[in-house]
Amino acid sequence: METVLAMLTGLLVAAGAYLMLSGNLVRYILGLALLSNAANLVIFGAGRLTKANPPLIPEGMKEPLEGAANALPQALILTAIVIGFGLFCFALALAYRAYYALGTARMDSMRIAEPREDS
Amino acid sequence: MTDPTSYKAGLWRFVPATVQAILFGFFCTYLAPVSGGQIFDYVYPWVPALGIEAAFRVDALSLLFALLITGIGAICFLYAASYFEADRRLKRLLTLMSLFAAAMLGLVLADDAITLFVAWEMTTLTSFLLVGFDHQKERARYSAQQALLITGIGGLALMAGLILMGEAAGTYRISEMGDLTNAPMYLVILLFIFIGAFTKSAQFPFHFWLPGAMAAPTPVSAYLHSATMVKAGVYLIARLSPQLGGTDIWIWTLTLVGAATMVVASFWALRQTDLKLMLAWTTLMGLGALMMGLGGGSYYAVGGALTFIVVHAFYKAALFLTVGLLDKGAGTREADQLSGLRRAMPRAFIIAMLAGASMAGLPPFVGFIGKELIYEGALQSPVQGIFAATASLIASALMIAAAGMVAIGPFFGEQKSPKEAPKDPSPLMWVGPGLLAVGGLLLGLFPQGLDALITQMTQTVRGEYGAPEVKLWHGVNTALFLSLLTFALGALFYRYLRAIQGSLIIEERRVPDSDRVYDILLNAMKNTAAWTARTVQDGRMMSYLRVTFITLGLMVWAAIFAGEGQVATLELDIPLFHWVIVAITAACTITILFTGSRLIAIAALGGVGAAIAVIFVLYSAIDVAMTQLLVEILIVAFVAIAFIKLPRAGTGALRIGDAIVASVLGLGVTFGMLAVQGADIALDVTEFFEQASYPEAAGRNVVNVILVDFRALDTLGEVAVVVIAGIAALAALRAGKRIKE
Numbered sequence: 001m002e003t004v005l006a007m008l009t010g011l012l013v014a015a016g017a018y019l020m021l022s023g024n025l026v027r028y029i030l031g032l033a034l035l036s037n038a039a040n041l042v043i044f045g046a047g048r049l050t051k052a053n054p055p056l057i058p059e060g061m062k063e064p065l066e067g068a069a070n071a072l073p074q075a076l077i078l079t080a081i082v083i084g085f086g087l088f089c090f091a092l093a094l095a096y097r098a099y100y101a102l103g104t105a106r107m108d109s110m111r112i113a114e115p116r117e118d119s
Numbered sequence: 001m002t003d004p005t006s007y008k009a010g011l012w013r014f015v016p017a018t019v020q021a022i023l024f025g026f027f028c029t030y031l032a033p034v035s036g037g038q039i040f041d042y043v044y045p046w047v048p049a050l051g052i053e054a055a056f057r058v059d060a061l062s063l064l065f066a067l068l069i070t071g072i073g074a075i076c077f078l079y080a081a082s083y084f085e086a087d088r089r090l091k092r093l094l095t096l097m098s099l100f101a102a103a104m105l106g107l108v109l110a111d112d113a114i115t116l117f118v119a120w121e122m123t124t125l126t127s128f129l130l131v132g133f134d135h136q137k138e139r140a141r142y143s144a145q146q147a148l149l150i151t152g153i154g155g156l157a158l159m160a161g162l163i164l165m166g167e168a169a170g171t172y173r174i175s176e177m178g179d180l181t182n183a184p185m186y187l188v189i190l191l192f193i194f195i196g197a198f199t200k201s202a203q204f205p206f207h208f209w210l211p212g213a214m215a216a217p218t219p220v221s222a223y224l225h226s227a228t229m230v231k232a233g234v235y236l237i238a239r240l241s242p243q244l245g246g247t248d249i250w251i252w253t254l255t256l257v258g259a260a261t262m263v264v265a266s267f268w269a270l271r272q273t274d275l276k277l278m279l280a281w282t283t284l285m286g287l288g289a290l291m292m293g294l295g296g297g298s299y300y301a302v303g304g305a306l307t308f309i310v311v312h313a314f315y316k317a318a319l320f321l322t323v324g325l326l327d328k329g330a331g332t333r334e335a336d337q338l339s340g341l342r343r344a345m346p347r348a349f350i351i352a353m354l355a356g357a358s359m360a361g362l363p364p365f366v367g368f369i370g371k372e373l374i375y376e377g378a379l380q381s382p383v384q385g386i387f388a389a390t391a392s393l394i395a396s397a398l399m400i401a402a403a404g405m406v407a408i409g410p411f412f413g414e415q416k417s418p419k420e421a422p423k424d425p426s427p428l429m430w431v432g433p434g435l436l437a438v439g440g441l442l443l444g445l446f447p448q449g450l451d452a453l454i455t456q457m458t459q460t461v462r463g464e465y466g467a468p469e470v471k472l473w474h475g476v477n478t479a480l481f482l483s484l485l486t487f488a489l490g491a492l493f494y495r496y497l498r499a500i501q502g503s504l505i506i507e508e509r510r511v512p513d514s515d516r517v518y519d520i521l522l523n524a525m526k527n528t529a530a531w532t533a534r535t536v537q538d539g540r541m542m543s544y545l546r547v548t549f550i551t552l553g554l555m556v557w558a559a560i561f562a563g564e565g566q567v568a569t570l571e572l573d574i575p576l577f578h579w580v581i582v583a584i585t586a587a588c589t590i591t592i593l594f595t596g597s598r599l600i601a602i603a604a605l606g607g608v609g610a611a612i613a614v615i616f617v618l619y620s621a622i623d624v625a626m627t628q629l630l631v632e633i634l635i636v637a638f639v640a641i642a643f644i645k646l647p648r649a650g651t652g653a654l655r656i657g658d659a660i661v662a663s664v665l666g667l668g669v670t671f672g673m674l675a676v677q678g679a680d681i682a683l684d685v686t687e688f689f690e691q692a693s694y695p696e697a698a699g700r701n702v703v704n705v706i707l708v709d710f711r712a713l714d715t716l717g718e719v720a721v722v723v724i725a726g727i728a729a730l731a732a733l734r735a736g737k738r739i740k741e
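So the sequence lines, in the order shown, correspond to chains A and B. Quick note, the first sequence lines up with residues 1 to 119 if you use this note's numbering. Quick note, the second sequence lines up with residues 1 to 741 if you use this note's numbering.
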């Protein structure tokens, strides 16, 4: 599964990057969501995959079963998902605001901070 | 009723001059022991971790400079106090000049290379502020900026040179560095040190900032740009002679640069009609002579140069201040408009005559001794003797003509001046230059006091024993004949001054103007900067994003090639159900790419999130899956709400370039993950959590225990981030909405 996951993650990254590069706010938002998912999968894959053996400690034992899944990346991904969620919500609000304030969803036309020199 | 515009500074205006005078007295107490060969070290820790100390050393070389700085400082401060007594900016002037004096003292007394550099930069900065003192004038601002840029670049080079020296020697104490001429980086060090010294001391081809710096008020010009700061480069060369000197490249660079500066400057001095500018050019000539002397290998050359430092400080400061007297008393500094003032301004006349005689090198003034020693030194230099002597001869003869311009021109002939009744300004103004002028005569008559100090200095610079004798009469020798020849030539030059000026004015149009070259370079730099900014920072967000993704992709690929991980064997043997989930994820992702419909895109985004949650479940990450699902539901909901208000996206044409960038990055991530999976994994931390989870935190879900116990602070931070993002999002959404009243 590691190999397949790596390919899937690559696809998500490529699609995310391509969408973000489109220059359109709506597609940028979609790309950001894909990229955020891909980042989590990278961490997940780096910690190795374990089928059907979650890092839980059964009753009467002091450690998880032999061969339990790696708990550390899971904890990191949990944090990452939530942070990514916060970031995404903020980006979404900002995109919405930018569209209404500037009247365009084309990102290259948003040049308040760095206006064109010839205009 | 007092007129609000009239202003007269209080007695405080004499405080800085008094401070300088006291410091001068303090340094005088060192004179006897230092002349006897004693050296005083004062070392305080500064940045011990880097081996940087605030180390100061009083030896003959630094003492002479300290005496010049404080002595001429006292005179110039006193002069400034009355020159600007009716000017509200006097406080600023005296503050800046005092700061400069402190920095300059630090520069010459420093024994630690870094201390020296810091003081060096402080003199550059204070000089910038003083040149730009009349900041309402565009010319002053331009000159100040030019001086800052030129000497600032030199300062950077100096820093590089000093650090290289410190690293090569293993210490930053200059006195402990030893001979570095065999250091592997010697040539680089030399280049940097030379750039530093030549920019500061206005050597050809960096000379042009100094005449520009004459935009500063006269007392400042007399102090900084004649007596002290411009000698810092000379001081540096003298100070570092034991470490770097004596090689062929050292001798020839200093000789050629010094000679070029000397001859070019003395010609252009005659071209000037503004007496102050004329003096500025003769200062350049003096600095060139000093550089050339220090480059000459013999004791005479070095000793002559060191003597000339004193000589020059005396007559040049006196003449600068005299020009200030003329400016105040007769109303102009233009040579053409001044003549016959000897009866109207007798004191200025006497000072100008005394100082001018020293400048022309007439006996029995100290200028004569200086010139004799320079000739003697040039003649005794091993290789470049004839060359140095010829350059000295031409320059000295031109100097005589220049001395005539300032000492004879304004005072003889028919009385003429812009002011109706020219008269000497107040005694406070002429007493200082008077002291300097008389001092030049006394030192010439009684050079014994100077002799001991010069001997010590020469040894400091040469690093071994031996020194010329500083005395008035050296007997009948070649140097004396050269002196006589100089006088004859000089008289001739003065006689035909008008003709020389005329031809120089014609020449001036043909020679490329340094200022022009400077402007062209400066504009080229500005244009390059603007071009770079336009190219790199073109204001289009897509460019920035593209650069970011390209950089990221390259870094991932670089990591793959540099890393140890081997790409693991491809393992595609997974249950069909897993294939289905992966296929759904991929299909949803591709759908988002190609759909033009917002609704389908949102649905596909939800599909991706849900399918990934299933992958988490299948591979033992239950908590992650739960969170993923919840977050994904919220995201889909939010996006749906937002997209109602946002326009259709459309898919647009295929963008090949972006597709390549995205593919390179995506493939990089794939291969990077494969490489990571092919490498060994360290499970120490995981094992710690597995073992400690139940005994220490009494939790059976290891992931939860990590989050809420071992990394509780992280989780708190994470919650805070979400709250802040929420608040910020709310602010963004409500901004611009009017509050209903």
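Do not take every clue at face value.
Stretch by stretch, here's where chain A covers chain B in the computed footprint (C-beta under 8 angstroms, at least three residues) [unchecked claim]: (1) 103-110; (2) 133-140; (3) 221-229; (4) 577-585; (5) 588-598; (6) 677-687; (7) 700-707.
Straight-line C-alpha distance at most 25 angstroms; calculated DMTMM-like pairs for lysine to aspartate or glutamate [stated by the list, open to error]: (8) Lys137/B - Glu176/B; (9) Lys526/B - Asp513/B; (10) Lys51/A - Asp134/B; (11) Lys62/A - Asp684/B; (12) Lys62/A - Asp519/B; (13) Lys51/A - Asp684/B; (14) Lys526/B - Glu507/B; (15) Lys62/A - Glu687/B; (16) Lys51/A - Glu334/B; (17) Lys51/A - Glu66/A; (18) Lys91/B - Glu121/B; (19) Lys51/A - Glu687/B; (20) Lys328/B - Asp451/B; (21) Lys8/B - Glu85/B; (22) Lys419/B - Glu334/B; (23) Lys91/B - Glu53/B; (24) Lys526/B - Glu114/A; (25) Lys62/A - Asp134/B; (26) Lys645/B - Glu66/A; (27) Lys137/B - Glu414/B; (28) Lys51/A - Asp538/B; (29) Lys419/B - Asp515/B; (30) Lys416/B - Glu334/B; (31) Lys328/B - Asp134/B; (32) Lys416/B - Asp274/B; (33) Lys137/B - Asp519/B; (34) Lys8/B - Asp134/B.
Per label pair, the in silico range of CB-to-CB distance [what the hints assert, rightly or not]: (35) Gly103/A - Leu156/B: 41 to 49 angstroms; (36) Pro115/A - Thr548/B: 21 to 29 angstroms; (37) Leu654/B - Gly103/A: 41 to 49 angstroms; (38) Gly60/A - Leu50/B: 55 to 63 angstroms; (39) Leu94/A - Pro205/B: 27 to 35 angstroms; (40) Asp680/B - Met61/A: 42 to 50 angstroms.
I should point out that these hints are in silico values taken from the structure, not numbers from a laboratory. Every residue, glycine too, gets a C-beta built ideally from N, C-alpha and C.
Quick rundown of the hints versus the structure:
1. 103-110: It is violated: at least three residues are needed, and the stretch 103-110 of chain B offers just 0 whose Cβ sits closer than 8 angstroms to chain A.
2. 133-140: violated (count 0)
3. 221-229: violated (count 0)
4. 577-585: holds (count 4)
5. 588-598: Holds: 5 residues of the stretch 588-598 of chain B have a Cβ under 8 angstroms from chain A.
6. 677-687: holds (count 5)
7. 700-707: Coverage by chain A holds here, the residue count being 6 at a Cβ distance below 8 angstroms.
8. Lys137/B - Glu176/B: violated (47 angstroms)
9. Lys526/B - Asp513/B: Given pair Lys526/B, Asp513/B holds - Cα atoms ~20 angstroms apart, limit 25 angstroms.
10. Lys51/A - Asp134/B: violated (80 angstroms)
11. Lys62/A - Asp684/B: holds (17 angstroms)
12. Lys62/A - Asp519/B: Violated, at roughly 78 angstroms.
13. Lys51/A - Asp684/B: holds (21 angstroms)
14. Lys526/B - Glu507/B: violated (31 angstroms)
15. Lys62/A - Glu687/B: holds (12 angstroms)
16. Lys51/A - Glu334/B: violated (96 angstroms)
17. Lys51/A - Glu66/A: holds (13 angstroms)
18. Lys91/B - Glu121/B: holds (23 angstroms)
19. Lys51/A - Glu687/B: Answer holds: Lys51/A to Glu687/B is near 18 angstroms, not above 25 angstroms.
20. Lys328/B - Asp451/B: violated (37 angstroms)
21. Lys8/B - Glu85/B: Holds. Lys8/B to Glu85/B sits at ~6 angstroms (cutoff 25 angstroms).
22. Lys419/B - Glu334/B: holds (13 angstroms)
23. Lys91/B - Glu53/B: Violated - the C-alpha atoms of Glu53/B and Lys91/B are around 33 angstroms apart, more than 25 angstroms.
24. Lys526/B - Glu114/A: Given pair Lys526/B, Glu114/A holds - Cα atoms ~19 angstroms apart, limit 25 angstroms.
25. Lys62/A - Asp134/B: Roughly 81 angstroms between the alpha carbons, so the hint for Lys62/A and Asp134/B is violated.
26. Lys645/B - Glu66/A: At roughly 52 angstroms apart (the allowed maximum being 25 angstroms), Glu66/A and Lys645/B break the hint.
27. Lys137/B - Glu414/B: Roughly 34 angstroms between the alpha carbons, so the hint for Lys137/B and Glu414/B is violated.
28. Lys51/A - Asp538/B: violated (49 angstroms)
29. Lys419/B - Asp515/B: Since the Cα atoms of Lys419/B and Asp515/B sit roughly 33 angstroms apart, the hinted pair is violated (cutoff 25 angstroms).
30. Lys416/B - Glu334/B: With Cα atoms ~12 angstroms apart, Lys416/B and Glu334/B stay inside 25 angstroms; holds.
31. Lys328/B - Asp134/B: Holds, because 17 angstroms separates the two Cα atoms, which is no more than 25 angstroms.
32. Lys416/B - Asp274/B: Holds, at roughly 16 angstroms.
33. Lys137/B - Asp519/B: holds (18 angstroms)
34. Lys8/B - Asp134/B: holds (19 angstroms)
35. Gly103/A - Leu156/B: 41 to 49 angstroms: For Gly103/A and Leu156/B the Cβ distance comes to about 48 angstroms; the hint holds.
36. Pro115/A - Thr548/B: 21 to 29 angstroms: Holds, at about 22 angstroms.
37. Leu654/B - Gly103/A: 41 to 49 angstroms: violated (27 angstroms)
38. Gly60/A - Leu50/B: 55 to 63 angstroms: Roughly 60 angstroms apart at Cβ, these two residues keep to the hinted range, so it holds.
39. Leu94/A - Pro205/B: 27 to 35 angstroms: violated (54 angstroms)
40. Asp680/B - Met61/A: 42 to 50 angstroms: Cβ of Asp680/B to Cβ of Met61/A: about 28 angstroms, so the range 42 to 50 angstroms is violated.
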